[in-house]
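Could you put together the complete structure from these sequences and hints?
Chains as they are written, first to last, in the UniProt record's numbering: chain A, 1 to 219; chain B, 1 to 189.
Just so you know, the hints here were simulated from the structure itself, not pulled from any lab data. All residues carry an ideal CB built from backbone N, CA and C; glycine is no exception. It is possible that part of the hints are untrue.
[Unchecked claim] Ranges of calculated distance between the beta carbons of each label pair, as one might list FRET restraints:
(1) 89/B <-> 91/A: 44 to 54 Å
(2) 157/A <-> 76/B: 43 to 53 Å
(3) 66/B <-> 178/A: 29 to 39 Å
(4) 201/A <-> 152/B: 23 to 33 Å
[Claimed, not checked] Covered, in the sense of this in silico footprint (three residues per stretch, anywhere, with C-beta under 8 Å from a C-beta of chain A), are these stretches of chain B:
(5) 25 to 38
(6) 112 to 120
[What the hints assert, rightly or not] The calculated lysine-lysine pairs, modelled on DSS-like cross-linking and capped at a C-alpha distance of 30 Å, are:
(7) 77/A <-> 205/A
(8) 32/B <-> 60/A
(9) 12/B <-> 80/B
(10) 157/A <-> 32/B
(11) 166/B <-> 205/A
(12) 149/B <-> 80/B
(13) 60/A <-> 157/A
(14) 60/A <-> 77/A
(15) 169/B <-> 42/B
(16) 46/B <-> 166/B
(17) 205/A <-> 169/B
(18) 12/B <-> 46/B
(19) 205/A <-> 42/B
(20) 80/B <-> 42/B
(21) 13/B <-> 169/B
(22) 182/A <-> 13/B
(23) 80/B <-> 13/B
(24) 32/B <-> 169/B
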Amino acid sequence: MLTRLKTQVPLFSMNSYTKLREKLKLSGLSFASTHSHVIRLGRHSRHNSKMAVCIAVIAKENYPLFIRSVPIQNELKFHYTVHTSLDVVEEKISAVGKAMADQRELYLGLLYPTEDYKVYPHLIKWYVTCLHQFFSYQIVCILLYRHTRYGYVTNSKVKFVIVVDSSNTSLRDNEIRSMFRKLHNSFTDVMCNPFYNPGDTIQSKAFDSIVSAMMVQAS
Amino acid sequence: MSRQSNRTTDSKKMNAELFTLTYGALVTQLCKDYENDEEVNKQLDKMGYNIGVRLIEDFLARSSVGRCQDFRETADVIAKVAFKMYLGITPSVTNWSPAGDEFSLILESNPLVDFVELPDNHSSLVYSNLLCGVLRGALEMVQMAVEVKFSQDTLRGDNVTEIRMKFIKRMEENLPAGDEVHSRICVPC
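Written out as structure tokens, the structure is:
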């Protein structure tokens, strides 16, 4: 859905180009035009890239014990995202089968990446009026960010899902593994709390602080 | 079953987490049974008392400390020998009252409360009240009546756990006024 512009560079006069840049900057998006004339707008990341966007803990009966996402995003979308990744998790668990039964924990690795699109109507209108000078209307969809999801399953069939924003540098496998290990450790601590009944939602302050430390700082 | 040979050797090692989980299960079951924090605190104190009157014998046999001359010596023995032997921690003795009959034990870490977070509906629960009962029962068996309570608790948000101990009086030799009465060899004052 990302359309190609039909004219050569330069696309605009300098004036409208700078205006577009400013407008986008205000919405927190950065702007880059490549030589192939495809305009891609990525989220302007002002924070450490080594952070998760959403973290979820799912019980063995496949209902969430804990979901937390960065508040500026649409939270429901993340709930759906995590739900769909459960299918992939189930697939991977069953595929592994008996051969890997001796492995202590199943780090499932990258589940699948997606590219999310979001349409910004107010920007479109303005952008299109600029373009109109040169050529016909184009609908522009803005590539917002890439989400990659990672999964981790314990022997007690409790699943952890981390969704990261990988528009910047991609995280190394080791870092994801260490994040999962930290999550698993603090989850074990929550289970050891005698006031916690297995199956309840997780309301522990210690767990919350570990998760917040891993999440993207809301800008 | 003779256990005399074990008295002089090191205490048997046990997993600390099993101990913590056992105590946690005990407290939560009491909460479910009594449904009232004050009642649970009282029960924990009573249970601790029963443990304390028995534990003192074990302690005296293992540690072979002599009779303490005054309350200060008692405080030091409790902090440096007893806590170290049974819980593996060494609290510090501070906050002596001017009359010298009250002091505080400051515990940096409390092995009973690893991983524990008090939920909001149990805000007046003194989780480690068993320790108060143990101290009270043990000291009663060596003819000292004391009052023990928690003045700070990490579970309630304080930085450290503080146990306040107050000396009430020296007791005459008599049998303990606990739930169960056992015949004991009375140590002369």
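Going down the list of hints, with the structure as the test:
no. : hint                        : result
1   : 89/B <-> 91/A: 44 to 54 Å   : 49 Å, holds
2   : 157/A <-> 76/B: 43 to 53 Å  : 52 Å, holds
3   : 66/B <-> 178/A: 29 to 39 Å  : 53 Å, violated
4   : 201/A <-> 152/B: 23 to 33 Å : 30 Å, holds
5   : 25 to 38                    : holds (count 3)
6   : 112 to 120                  : holds (count 6)
7   : 77/A <-> 205/A              : 25 Å, holds
8   : 32/B <-> 60/A               : 26 Å, holds
9   : 12/B <-> 80/B               : 20 Å, holds
10  : 157/A <-> 32/B              : 29 Å, holds
11  : 166/B <-> 205/A             : 34 Å, violated
12  : 149/B <-> 80/B              : 19 Å, holds
13  : 60/A <-> 157/A              : 5 Å, holds
14  : 60/A <-> 77/A               : 22 Å, holds
15  : 169/B <-> 42/B              : 22 Å, holds
16  : 46/B <-> 166/B              : 18 Å, holds
17  : 205/A <-> 169/B             : 43 Å, violated
18  : 12/B <-> 46/B               : 26 Å, holds
19  : 205/A <-> 42/B              : 28 Å, holds
20  : 80/B <-> 42/B               : 27 Å, holds
21  : 13/B <-> 169/B              : 37 Å, violated
22  : 182/A <-> 13/B              : 28 Å, holds
23  : 80/B <-> 13/B               : 20 Å, holds
24  : 32/B <-> 169/B              : 36 Å, violated
When held up to the earlier numbered hints, the structure conflicts with 3, 11, 17, 21 and 24 and fits the remainder.
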